[in-house]
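*Asks:* Residue strings, one per chain:
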Amino acid sequence: MKTSDLGVRMTLTQILKMLVACILVITFILVSASAYRRHRTISSLAKLTDATSSIVTQLAVDQLAHVDETGKKYSYALDMVRLENLKFESEIGGENFEFQISISYQGSENRRFGPEPPENSTNCSLIVACSVWSNNRFQLAKLGVIAWRV
Amino acid sequence: MARLKVEGVADILSMAFMFILLVFGAVLINAYSLRPLRAATDRQLELKCEYTYEALETSWVEPYTISFLRAAAENIVLNNPTVPGPYLHSAMENALDYLSPPGYEISSTLTSDGGTLTFNENKAPSSKQFVRSGTVSIMGAGGENVVVQVVIKLFSVS
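Protein chains in written order, with our numbering: chain A, 1 to 150; chain B, 1 to 158.
By construction, these hints were calculated from the structure, which means they are not laboratory data. Some hints here could point you the wrong way.
As the list claims (entries may be wrong) - In silico lysine to any residue, SDA-like type, Cα no more than 25 angstroms apart, as pairs:
{"#": "1", "chain 1": "B", "residue 1": "Lys128", "chain 2": "B", "residue 2": "Glu46"}
{"#": "2", "chain 1": "B", "residue 1": "Lys153", "chain 2": "A", "residue 2": "Gln100"}
{"#": "3", "chain 1": "A", "residue 1": "Lys142", "chain 2": "B", "residue 2": "Arg35"}
{"#": "4", "chain 1": "B", "residue 1": "Lys128", "chain 2": "A", "residue 2": "Ser125"}
{"#": "5", "chain 1": "A", "residue 1": "Lys47", "chain 2": "A", "residue 2": "Gln100"}
{"#": "6", "chain 1": "B", "residue 1": "Lys153", "chain 2": "A", "residue 2": "Lys17"}
{"#": "7", "chain 1": "A", "residue 1": "Lys47", "chain 2": "B", "residue 2": "Ser156"}
{"#": "8", "chain 1": "B", "residue 1": "Lys153", "chain 2": "A", "residue 2": "Ser104"}
{"#": "9", "chain 1": "A", "residue 1": "Lys47", "chain 2": "A", "residue 2": "Ser121"}
{"#": "10", "chain 1": "A", "residue 1": "Lys17", "chain 2": "A", "residue 2": "Ser32"}
{"#": "11", "chain 1": "A", "residue 1": "Lys87", "chain 2": "A", "residue 2": "Ser32"}
Please construct the entire structure, taking both the sequences and the accompanying hints into account.
*Replies:* Structure (structure tokens):
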């Protein structure tokens, strides 16, 4: 083999190696960037999920909880009358959320309260069991909340 | 020449190793990236289990004025409970079916010295289940306070 042939082959080999190394580095950067974006999206979804749970708890334990004549508060028992003064927005962890509520009894239709969720925004829904004070009875019901960022 | 060949093989091996590392890393990142969302979903299911317990503790059995859990506890402790056994069984199982989230089932078990009462016992829990336990106090026939253990299980059905 001549010295000039060997030089050309070495240069070609070096170029190929450099090319493969560059492809590896670019792929690594792309994978890292994609993973970071995915992580941010998933963290945001997880925060929205937790915020929805928090809104449900605020409603069931405090804002909509039934209070009897003696002033005793019944957590997890909702009072429909208290829906009249309810603000369908909440601030959790420095972020503002709006929400829609749905309440349904066994064998009855869903009743919705509050603004409709926007179509172009991510929202999270959570339905939990609860009790509703209605017709002087504690009735088994379901409380649904759809929350989204403002 | 022989040295050159050995160096070439070493370079190819190191690149192949880097490539394998890259693929392995990407798979690992994607597999673990969903963990926070799964954890948040599990927290919601735990919350649903907690609310089911509270709802059964508060809501009354139609047309009586006694809660589901108290009525079930009475059925274990008292000879003449407020809600008759067969009626309570039907009402409780209807309530549990109504409250079950899609793809999940709820069962409840009440235990005391007087016996055990289980609702939705035929539904076998899977490996993933959420449990909420508590107690209900009932005045026994002799005036003594009887504590009944309550366990509510929310589990996925496969």
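*Asks:* Does the structure keep Lys128 (chain B) and Ser125 (chain A) at a Cα separation of 25 angstroms or less?
*Replies:* holds, 22 angstroms
*Asks:* Regarding the pair Lys153 (chain B) and Gln100 (chain A), is the alpha-carbon distance no greater than 25 angstroms?
*Replies:* Status violated; Cα separation ~28 angstroms.
*Asks:* Given the hint that Lys142 (chain A) pairs with Arg35 (chain B), does the C-alpha gap stay at or below 25 angstroms?
*Replies:* violated, 28 angstroms
*Asks:* Taking only the CA atoms, is the gap from Lys153 (chain B) to Ser104 (chain A) under or equal to 25 angstroms?
*Replies:* holds, 23 angstroms
*Asks:* With the threshold set at 25 angstroms, check whether the alpha-carbon distance from Lys87 (chain A) to Ser32 (chain A) stays at or below it.
*Replies:* With Cα atoms ~42 angstroms apart, Lys87 (chain A) and Ser32 (chain A) exceed 25 angstroms; violated.
*Asks:* Taken at face value, is the distance from the CA of Lys17 (chain A) to the CA of Lys153 (chain B) at most 25 angstroms?
*Replies:* violated, 59 angstroms
*Asks:* Would you check the hint for Lys17 (chain A) and Ser32 (chain A), treating anything up to 25 angstroms between C-alpha atoms as holding?
*Replies:* Holds: Lys17 (chain A) and Ser32 (chain A) sit about 22 angstroms apart, inside 25 angstroms.
*Asks:* Next pair to validate is Lys47 (chain A) with Ser121 (chain A); report whether the Cα-Cα distance is within 25 angstroms.
*Replies:* holds, 15 angstroms
*Asks:* Does Gln100 (chain A) lie within 25 angstroms of Lys47 (chain A) when you go C-alpha to C-alpha?
*Replies:* With a Cα-Cα distance of about 18 angstroms, the restraint between Lys47 (chain A) and Gln100 (chain A) holds, given a limit of 25 angstroms.
*Asks:* Given the hinted pair Lys47 (chain A) and Ser156 (chain B), is their alpha-carbon gap at most 25 angstroms?
*Replies:* Roughly 24 angstroms between the alpha carbons, so the hint for Lys47 (chain A) and Ser156 (chain B) holds.
*Asks:* For the pair supplied as a hint, Lys128 (chain B) and Glu46 (chain B), is the alpha-carbon distance within the 25 angstroms limit?
*Replies:* The hint holds at about 11 angstroms.
When each numbered hint is compared with the structure, violations occur for hints 2, 3, 6, 11.
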